[in-house]
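Asker: Start from chain X and add chain P according to the hints.
The listed protein sequences correspond, in order, to chains X and P. Counting with our numbering, you get residues 3 to 197 for the letters of the first sequence. Counting with our numbering, you get residues 3 to 197 for the letters of the second sequence.
Calculated directly from the structure, the hints in this document are not laboratory data. These numbers come from a predicted model, not from an experiment. Any given hint could be a false lead.
Since the list can't tell identical chains apart, any single copy or any two copies may satisfy a pair.
No farther apart than 27 Å at their CA atoms in a straight line, the calculated lysine-lysine pairs in the DSS-like style are these [to be verified]:
{"no.": "1", "residue 1": "K102", "residue 2": "K83"}
{"no.": "2", "residue 1": "K96", "residue 2": "K139"}
{"no.": "3", "residue 1": "K120", "residue 2": "K57"}
{"no.": "4", "residue 1": "K135", "residue 2": "K153"}
{"no.": "5", "residue 1": "K96", "residue 2": "K155"}
{"no.": "6", "residue 1": "K99", "residue 2": "K83"}
There are 2 protein chains.
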Amino acid sequence: MKVFLITSNENKIREFKLFLEPQIEVEAYQFEYPEIRSDDPCEITEVAAKQLAEKLKKPVIVEDSGFFIRALDEFPGTCTKYVFQRIGNEGLIKTMKGIKDRSCFYKSAIGYCEPGQKPVSFLGIEEGKVALKPAGKNGWGQDPIFIPKGKSKTYGQMRKKGDINFFRRRALEKLKRFLDKTVPCLLPVDEKKSN
Amino acid sequence: MKVFLITSNENKIREFKLFLEPQIEVEAYQFEYPEIRSDDPCEITEVAAKQLAEKLKKPVIVEDSGFFIRALDEFPGTCTKYVFQRIGNEGLIKTMKGIKDRSCFYKSAIGYCEPGQKPVSFLGIEEGKVALKPAGKNGWGQDPIFIPKGKSKTYGQMRKKGDINFFRRRALEKLKRFLDKTVPCLLPVDEKKSN
Chain X
3 MKVFLITSNE NKIREFKLFL EPQIEVEAYQ FEYPEIRSDD PCEITEVAAK QLAEKLKKPV
63 IVEDSGFFIR ALDEFPGTCT KYVFQRIGNE GLIKTMKGIK DRSCFYKSAI GYCEPGQKPV
123 SFLGIEEGKV ALKPAGKNGW GQDPIFIPKG KSKTYGQMRK KGDINFFRRR ALEKLKRFLD
183 KTVPCLLPVD EKKSN
Chain P
3 MKVFLITSNE NKIREFKLFL EPQIEVEAYQ FEYPEIRSDD PCEITEVAAK QLAEKLKKPV
63 IVEDSGFFIR ALDEFPGTCT KYVFQRIGNE GLIKTMKGIK DRSCFYKSAI GYCEPGQKPV
123 SFLGIEEGKV ALKPAGKNGW GQDPIFIPKG KSKTYGQMRK KGDINFFRRR ALEKLKRFLD
183 KTVPCLLPVD EKKSN
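Isolated chain X (complex conformation) (with noise of 0.2 Å):
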């Protein structure tokens, strides 16, 4: 089967790609679309993913991912684009000072929908901590400030050209079982019945 991912973010493209294909095909369309405010990634993802499925008559995904700080009532949250083009990694660190609890994580959300149909969503969620400053410069977005429970360095340090960040990996493994039953389900088993 073919599906049309929307998006305006390369480095999405490359990731949906490298994950879903061979089995299932991937044609990008590199557009900005309307999305709603919602405090929500699901909710934003599967109005954007139906809306956007009418308009162009064709199966369709879109992603929304964010970064979400535990004492900052997950501050930036589904702002985490707009925040960061203005005020960037540096800024969210600055917005930590004097804050000892740095528990955060990242959330990646994929709506999809056919025409005519209801749209469904696939989240995806890693925890970890908010860096003390930025280090590494592999991955995108917050990558340089994130570092992953159980590790002490951050994905900007440690990921790997081709690399798939595990909070999006666990949307698209989701994803991918839900359009194609043949796939075997590698999730840890207590995550297995639900989206």
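Answerer: Using the frame of chain X, we list chain P on its own:
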């Protein structure tokens, strides 16, 4: 005439009634409505007013205001409410650490739409600077950290009960003149032409 203000913010209801009545009757509907993500507050309010006017079959006004810091590429901008709810004014002050240019502006966009018509919007802007720390308990939003141009105190220190911030008053005056042509224009000459 009568218009329907949609907002979940009680301060807004009070200010709109105070400014527009008795010439224009304001009935408030207190609920959250879906908004698009955009860099442009006018676009956000026009899209929302159009959708709400068609849904409610009534002439609708909505308002979206934001706080724009120049040195931070206009952060928090159209994400002001989301950001403020999470990191507050203290968080905004933190992001300004080490930055000399503290110039900023408040922006209010009011969207208006009648059923079956195109939406219009009215913009009010006020220049100022970000205080070194929050001061004063009057007003709401960023009032405790906003020092209006030519003043040395924050709105939080200066506002009196019933005052309406200059930027919102400016947008409200444009709306009022649009709805009621008998209202005299009190704006400076150079602003009379544009919306």
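Asker: Could you run down the list of hints and mark each one as holding or not?
Answerer: Hint-by-hint comparison with the structure:
1. K102 / K83: both (25 Å within a copy, 25 Å between copies)
2. K96 / K139: Cα proximity of K96 and K139: in one copy and across copies (19 Å, 25 Å).
3. K120 / K57: both (14 Å within a copy, 22 Å between copies)
4. K135 / K153: The answer is within: 16 Å in one copy meets 27 Å, while 37 Å across copies does not.
5. K96 / K155: Both: 19 Å inside a copy, 25 Å across copies.
6. K99 / K83: both (21 Å within a copy, 21 Å between copies)
This entry satisfies every hint, going by the numbered hints stated previously.
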